[in-house]
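Required output: the full structure, derived from the provided sequences and hints.
Number of protein chains: 6
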Amino acid sequence: MKKNNITFQSCEANYNESQVVIFSAPLDCTTSFRPGTRFAGNAIRVDSAGVEWYSCYQDKSLKDYKTCDLGEIYLPVGDAIKSLDLIYKTVKTILNDNKFPIMIGGEHLASYGSIKAVYEKYPLLRVIHFDAHTDLREKFLGMKFSHATFLRHVHNDFLGDDKIFSFGIRSGDKEEFEWAKTHIFMNKFNLDHLDEVIEKVKDYPVYVTIDLDVLDPSIFPGTGTPEAGGITFKEFLDGILKFVSLNNIVGFDMMELSPSYDPSGVSTAVACKTLRELILIAHNK
Amino acid sequence: MKKNNITFQSCEANYNESQVVIFSAPLDCTTSFRPGTRFAGNAIRVDSAGVEWYSCYQDKSLKDYKTCDLGEIYLPVGDAIKSLDLIYKTVKTILNDNKFPIMIGGEHLASYGSIKAVYEKYPLLRVIHFDAHTDLREKFLGMKFSHATFLRHVHNDFLGDDKIFSFGIRSGDKEEFEWAKTHIFMNKFNLDHLDEVIEKVKDYPVYVTIDLDVLDPSIFPGTGTPEAGGITFKEFLDGILKFVSLNNIVGFDMMELSPSYDPSGVSTAVACKTLRELILIAHNK
Amino acid sequence: MKKNNITFQSCEANYNESQVVIFSAPLDCTTSFRPGTRFAGNAIRVDSAGVEWYSCYQDKSLKDYKTCDLGEIYLPVGDAIKSLDLIYKTVKTILNDNKFPIMIGGEHLASYGSIKAVYEKYPLLRVIHFDAHTDLREKFLGMKFSHATFLRHVHNDFLGDDKIFSFGIRSGDKEEFEWAKTHIFMNKFNLDHLDEVIEKVKDYPVYVTIDLDVLDPSIFPGTGTPEAGGITFKEFLDGILKFVSLNNIVGFDMMELSPSYDPSGVSTAVACKTLRELILIAHNK
Amino acid sequence: MKKNNITFQSCEANYNESQVVIFSAPLDCTTSFRPGTRFAGNAIRVDSAGVEWYSCYQDKSLKDYKTCDLGEIYLPVGDAIKSLDLIYKTVKTILNDNKFPIMIGGEHLASYGSIKAVYEKYPLLRVIHFDAHTDLREKFLGMKFSHATFLRHVHNDFLGDDKIFSFGIRSGDKEEFEWAKTHIFMNKFNLDHLDEVIEKVKDYPVYVTIDLDVLDPSIFPGTGTPEAGGITFKEFLDGILKFVSLNNIVGFDMMELSPSYDPSGVSTAVACKTLRELILIAHNK
Amino acid sequence: MKKNNITFQSCEANYNESQVVIFSAPLDCTTSFRPGTRFAGNAIRVDSAGVEWYSCYQDKSLKDYKTCDLGEIYLPVGDAIKSLDLIYKTVKTILNDNKFPIMIGGEHLASYGSIKAVYEKYPLLRVIHFDAHTDLREKFLGMKFSHATFLRHVHNDFLGDDKIFSFGIRSGDKEEFEWAKTHIFMNKFNLDHLDEVIEKVKDYPVYVTIDLDVLDPSIFPGTGTPEAGGITFKEFLDGILKFVSLNNIVGFDMMELSPSYDPSGVSTAVACKTLRELILIAHNK
Amino acid sequence: MKKNNITFQSCEANYNESQVVIFSAPLDCTTSFRPGTRFAGNAIRVDSAGVEWYSCYQDKSLKDYKTCDLGEIYLPVGDAIKSLDLIYKTVKTILNDNKFPIMIGGEHLASYGSIKAVYEKYPLLRVIHFDAHTDLREKFLGMKFSHATFLRHVHNDFLGDDKIFSFGIRSGDKEEFEWAKTHIFMNKFNLDHLDEVIEKVKDYPVYVTIDLDVLDPSIFPGTGTPEAGGITFKEFLDGILKFVSLNNIVGFDMMELSPSYDPSGVSTAVACKTLRELILIAHNK
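Residue numbers (the working numbering), protein chains in the order written: chain W, 2 to 286; chain E, 2 to 286; chain F, 2 to 286; chain S, 2 to 286; chain U, 2 to 286; chain B, 2 to 286.
Do not rely on the hints blindly, as some may be mistaken.
Each pair may be met inside one copy or between any two copies, as identical chains are not told apart.
Listed next, the in silico DSS-like pairs over lysine-lysine satisfying Cα-Cα at most 27 Å (straight line) [as the list claims (entries may be wrong)]:
(1) LYS67 - LYS175
(2) LYS243 - LYS100
(3) LYS175 - LYS64
(4) LYS90 - LYS100
(5) LYS286 - LYS100
(6) LYS145 - LYS90
(7) LYS67 - LYS83
(8) LYS140 - LYS83
(9) LYS83 - LYS145
(10) LYS182 - LYS64
(11) LYS189 - LYS243
(12) LYS175 - LYS243
Worth flagging that the hints you see were computed from the coordinates, not collected in a lab.
Computed from a predicted structure; not experimentally measured.
In structure tokens form, the structure reads like this:
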């Protein structure tokens with residue numbers, strides 16, 4: 002008899018034998034409006050029982066690949082800076098072991114730690130960013146590290162100009178939209194021009210960071226700051242599937258599911274289905 | 002003073018005087034993920050108070066037709082096989098009395114009993130199937146009769162090749178998709194080609210079985226296994242309304258509402274509106 | 002230290018200094034199906050913390066304008082006629098002070114009081130009406146004043162023929178649709194022909210009354226009578242933004258949010274975002 | 002085949018053969034805080050499937066008695082006065098036919114109509130009243146007929162001093178408590194002294210009106226104005242069972258369930274169990 | 002890096018080194034009213050993060066003991082008989098390895114499988130049963146094996162007269178209460194006489210089966226058939242703690258949590274706290 | 002016309018004219034399990050519409066006193082230390098102006114800031130503490146300032162031994178219970194001995210800090226870490242009312258309502274009723 006093991010659907014391989022490694026980072030302390038992303042990781046694991054392991058979109062099955070689910074990493078609640086360091090170290094280790102990291106959020110700030118680790122391995126890194134919100138404030142409520150500032154500091158602290166490609170943006174402060182014009186590529190409202198961006202970054206290492214609130218809240222109500230006017234799931238899935246042909250993807254994250262806000266469980270089901278597709282893409286790289 | 006009578010909106014005629022007969026089959030025991038379809042029938046009856054009896058899509062009103070609502074049929078909880086037999090007998094009786102049956106689910110397995118009865122009266126039967134899921138497994142968790150297998154056994158046990166036309170499918174096992182290629186017509190993801198199929202079956206008796214999870218979970222979260230990427234309500238309604246011109250429809254079912262998962266009541270309202278349209282179409286036949 | 006003040010995001014100006022004045026009218030007593038619109042006003046105020054004051058659609062910010070939020074007006078629960086009179090007087094005062102009124106519902110009947118006041122100031126008034134329901138019954142359950150009759154009496158009591166332009170309608174009684182043909186302009190199902198209507202009314206004073214259930218319930222489940230088949234938020238927002246160029250708008254209302262039916266908070270977030278856009282448009286007039 | 006019939010558990014007898022007649026009165030328009038009692042009647046009918054027909058408290062079973070469930074009576078939404086008249090006429094008819102009426106609320110104001118009819122048949126009537134709230138205002142928000150005034154007008158309009166016995170009261174205005182001292186018997190907070198009151202009224206006809214919010218909201222959260230500090234279900238049941246020995250009870254009502262506020266369904270289950278006990282007591286009379 | 006492992010709080014030992022072994026049995030197919038107990042096991046595991054590992058009632062900590070959490074055992078959905086056999090085999094193995102089994106339900110029928118295995122090892126077995134419901138029907142809806150019949154068949158199939166001691170019972174059919182009088186000990190409504198029963202069984206092996214609906218639904222709404230009038234948590238805990246002094250306990254189960262019915266999470270928290278106490282008691286044996 | 006003003010029921014006086022001042026502190030960033038206390042303040046304000054201003058327990062009315070509701074104080078999300086300083090300064094100002102402060106939480110850590118300010122004005126301060134949890138850890142998850150440590154640091158940083166009197170405690174780590182024995186007075190499980198403690202502290206200035214989770218979760222599910230086995234509302238209210246006779250109370254707080262976890266609204270109603278009683282007691286001092 003073996004002791005219990007709840008993982009994301011079919012991701013039961015050991016770390017050493019796996020090419021793709023998933024983990025969840027329950028960072029949830031700088032959210033200004035509605036908290037709750039800390040519950041995303043285990044909600045996804047438990048509800049993944051409702052997801053087929055076969056994708057009829059990619060004609061591939063999770064069963065045919067070795068994936069390790071590390072589970073939740075331990076984070077000190079209320080201490081964002083130590084938490085970012087722990088996330089950074091986790092991703093660093095996964096990359097050093099030549100595995101592909103996929104992080105499940107938690108709040109979007111967690112991506113700062115992950116992208117920093119990826120950048121150190123891949124200094125030519127480009128970041129593709131799906132989100133409803135700019136996340137480009139210099140400070141938010143007096144703090145540098147916040148879910149509303151993370152991308153600005155990814156830029157300021159290490160990545161620099163013209164490396165970030167944002168899609169789906171429909172909310173932010175005027176200053177953020179102004180700043181974006183000269184520092185990053187921003188495609189407001191939808192995923193138009195994603196093909197051109199993929200063409201542009203195809204020879205660079207690419208990290209894809211997905212704030213699930215890029216989706217319209219009709220299909221993804223379970224998030225802290227729902228923002229109407231987002232993309233449909235079909236538009237989203239079409240966008241994701243374009244990454245199948247992008248050979249240099251080196252990391253994924255999928256952030257900001259806050260499952261309690263959606264008692265129907267649909268938001269968690271959307272995250273599960275998205276994660277299945279991301280894992281299958283990652284195994285291609 | 003007369004005793005109480007809760008029926009679907011305006012369906013208060015007696016059995017004998019009705020051309021269309023509706024009933025609900027609270028089968029809900031083989032669902033592997035989230036149960037609850039047993040509550041669909043009465044939820045639809047009670048909430049039908051919020052539905053107009055006039056359809057501005059068909060320019061017809063429930064008030065102008067005689068429809069009988071038999072209510073819930075009694076099913077032995079936990080015994081799928083006896084339950085299928087009771088459903089079969091109910092539909093058989095309705096057909097023998099030359100009335101048009103409409104079944105409200107309950108899990109999709111219930112359609113096995115209904116389609117079997119319809120097939121016996123109409124051996125040339127064709128089945129049009131709206132669903133997110135293939136439902137084509139040979140066995141599921143070791144059992145022949147399950148919500149994940151019902152269509153396969155409709156095929157195997159009596160209907161045979163080239164009689165089933167599935168639409169909207171976006172989830173299943175690889176084997177099911179493979180099997181489908183040589184045994185049934187399957188239109189993945191949407192209702193494209195429905196016109197061609199209608200043209201093809203127009204001289205045969207046709208049964209339409211609708212798993213409401215064919216709809217995108219944004220508009221229909223109240224179901225056991227929500228599957229993002231479905232059709233919008235407008236696409237769905239356009240599909241339904243095509244049946245107005247299909248003269249040989251001999252039965253309908255509308256399955257898999259699980260009302261508790263949608264505290265907003267929208268899923269039940271969607272089922273009520275759909276049922277109104279189906280009843281009005283049935284009165285045309 | 003100053004006492005507490007909860008207003009809609011950034012609408013903290015005093016009455017006298019404001020060009021635009023918002024208030025909520027918690028009328029909620031003639032609703033036949035699901036009540037609860039009385040809670041809309043304060044739900045919108047509290048949750049407006051999650052809304053940016055900057056609109057990237059209009060490139061304008063609430064911070065740059067003086068707007069007064071009067072809060073809830075006191076209404077005698079259960080007395081629709083006295084309530085309508087109080088709403089009428091509130092709007093009358095705002096108009097007399099040469100300010101722009103925006104009312105937050107409450108049930109749609111409240112618009113009768115508001116439109117009456119606006120009409121008295123602007124006898125050439127035209128009304129643009131977004132709604133899922135006709136609201137054109139002569140009487141409903143034996144009563145003249147009801148959420149299902151309000152527009153008929155706006156017509157009968159003062160406005161008259163060819164002044165009302167309804168959009169998005171997809172539910173009502175046959176008689177209502179018949180009556181509409183000769184008395185008002187009605188665009189069923191969507192906002193098609195809105196450009197032509199705007200062109201037609203552009204030299205008249207225009208009041209815009211929005212029943213938020215014109216939206217599809219996938220994005221707006223929090224309402225008393227959800228009616229599938231509505232417009233998407235993008236279609237809705239495109240419609241709203243057309244009013245930027247309509248120079249004679251003299252009043253807005255936004256009705257029928259019933260927040261308790263949507264535990265995800267998305268419906269309230271949609272109302273907040275819509276209200277931000279309406280306020281910014283109003284400051285243009 | 003017979004058409005559908007949803008009644009309270011086992012109450013399927015025809016009107017003529019029944020000694021006890023239940024009906025629901027969905028009055029729900031003067032509630033000042035949280036509405037929703039209109040949904041109580043059908044929620045109780047549907048969920049009564051979860052209630053045994055046998056009471057181990059009274060050692061009697063619903064199956065052994067003839068009870069008719071008339072269902073919902075039609076009320077014009079938003080018109081309290083016409084509604085009271087319809088309730089009055091319903092109870093009047095039941096009493097004229099020498100049957101025992103049990104009304105399911107709906108808001109407590111409905112009891113005015115019922116008690117008036119009972120009083121006309123039994124001019125010596127005494128009323129036992131379980132409630133958290135005094136319901137003794139002269140006017141509320143300017144109106145005579147309101148859920149907060151009903152008992153005062155039962156007193157003023159026909160019943161007079163020393164005929165009303167209130168229990169469990171823990172909320173009201175100072176004036177109500179003052180007025181109560183000289184006009185009615187009031188036992189605050191609990192059911193103490195119920196035995197003495199029963200002794201005092203045992204030779205008079207007695208009507209028992211139960212606002213279910215007399216229960217502590219821990220066991221009955223599904224009501225419009227939950228008021229902590231109420232009685233436990235055991236104290237409540239003990240109180241109810243005292244009526245077994247009170248031979249002159251001539252009517253019951255059970256008011257103010259608002260099922261949507263309790264997603265667990267427990268409040269509805271409590272109402273179902275209470276109703277079973279009331280029906281069994283009524284069959285004793 | 003180690004792969005993920007979600008267990009009940011602190012129960013991370015391997016099977017071989019553990020004296021106490023817990024597992025969950027997601028049987029959930031014969032429930033006649035509201036299903037959902039299948040979700041109990043993982044809900045308890047995930048939410049056990051909110052439970053201290055130290056009990057201030059027993060002054061002991063989970064950290065000081067080796068406990069193995071086997072997780073969910075695989076059950077074929079919809080096949081009660083095969084499921085009972087799998088449960089039986091699991092408990093049999095645990096007992097053969099001289100470990101103490103604790104089962105988390107699932108519906109109460111699962112206890113049949115567990116008790117059968119325990120009985121085979123301990124033919125002198127006594128069963129202490131906490132429940133709101135009798136569970137003593139011969140057949141229910143035509144079936145032998147059902148959540149409403151399990152205890153009758155524990156009696157009939159192997160245990161026999163005077164071995165079962167039921168507490169807290171307050172719902173059932175008349176025949177069940179009659180049958181109980183001559184075959185088992187039944188203490189209705191509460192835990193009175195538990196001390197005497199413990200005295201009586203103290204020299205026999207004892208299995209304790211707890212249907213959590215013995216608790217009043219005020220503290221435990223998350224169950225399929227809530228039955229008002231149950232014991233408080235303090236009465237329940239006092240009862241549980243009496244087992245500390247009962248030296249011959251050989252197995253526990255804790256059944257019928259249905260977490261979705263309680264969105265507050267309190268029911269799951271109650272189950273977690275109860276399970277902590279049961280594990281600590283088991284380590285005493 | 003005056004702009005909007007949502008305050009707690011009847012607390013509409015200006016700061017200068019008020020003897021009692023209430024404010025809310027939405028601190029919500031160190032909670033380890035379920036967050037959400039940030040929403041308590043405005044939930045209480047909005048739902049206070051359902052609370053009578055008259056207390057039949059104290060025979061006094063909010064209407065007869067001047068109370069100022071300052072609303073929410075601004076706190077930098079995610080920065081506990083700056084937040085504590087802002088809370089400290091707010092209470093300091095209120096005390097300097099010789100007014101009585103009542104703080105609404107937010108997480109319990111906020112009380113550290115409030116008690117520190119009170120202590121500086123009253124160095125002989127005693128603290129009466131109602132809570133389910135010890136809150137006496139030295140560090141929690143590596144951090145000094147946390148909801149699980151606040152009371153230890155109130156002791157360590159300024160208050161010292163034998164000044165803290167805890168009641169209702171039923172959860173914590175073994176070390177906390179051990180430490181408590183020699184440093185504070187702790188009454189586990191209930192409010193027994195409160196009379197004696199009141200007698201003991203009656204000549205000292207007293208601050209009362211109430212974690213509402215001292216209540217049993219049956220009546221107060223809306224909190225982050227519900228802990229079964231708490232006191233009933235009647236026991237709680239009896240305890241609160243003892244403070245009427247305690248002449249030296251100098252401050253109150255009422256913490257840890259997390260309204261989203263209780264969709265019934267009962268928890269918020271309990272907090273509203275408690276706050277009414279606290280305000281009325283404060284006006285006595």
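Here is what the structure says about each hint:
Proximity of LYS67 to LYS175 under the C-alpha cut-off of 27 Å is restricted to the inter-copy arrangement: shortest distance 18 Å between copies versus 45 Å within a copy. With identical chains, the CA atoms of LYS243 and LYS100 are at most 27 Å apart within one copy only, with a shortest distance of 22 Å there and 51 Å across copies. Within a single copy, LYS175 and LYS64 get their C-alpha atoms only as close as 47 Å, which misses the 27 Å cut-off; across copies the closest is 11 Å, which meets it. Taking identical chains as interchangeable, the C-alpha atoms of LYS90 and LYS100 lie at most 27 Å apart only when both belong to the same chain, with a minimum of 14 Å there against 40 Å between chains.
For the homomeric pair LYS286 and LYS100, the shortest alpha-carbon distance inside one copy (10 Å) is at most 27 Å, but the shortest distance between copies (47 Å) is not. In the homo-oligomer, the alpha carbons of LYS145 and LYS90 lie at most 27 Å apart both inside one protomer (20 Å) and across protomers (24 Å), since each shortest distance falls under that limit. Proximity of LYS67 to LYS83 under the C-alpha cut-off of 27 Å is found in neither arrangement, the shortest distances being 31 Å within a copy and 32 Å between copies. For the identical chains of this complex, LYS140 and LYS83 are neighbours both inside a copy (18 Å) and across copies (15 Å), given an alpha-carbon limit of 27 Å.
Within a single copy, LYS83 and LYS145 get their C-alpha atoms as close as 14 Å, and across copies as close as 14 Å, so both meet the 27 Å cut-off. Only between protomers do LYS182 and LYS64 lie at most 27 Å apart by alpha-carbon distance; the minimum there is 22 Å, versus 44 Å within a single protomer. In this assembly of identical chains, LYS189 and LYS243 lie within 27 Å of each other by CA distance both inside one copy and across copies; the values are 19 Å within and 19 Å between. With identical chains, the CA atoms of LYS175 and LYS243 are at most 27 Å apart between copies only, with a shortest distance of 22 Å across copies and 31 Å within one.
Violated hints amount to a single one, hint 7; each of the other numbered hints is respected by the structure.
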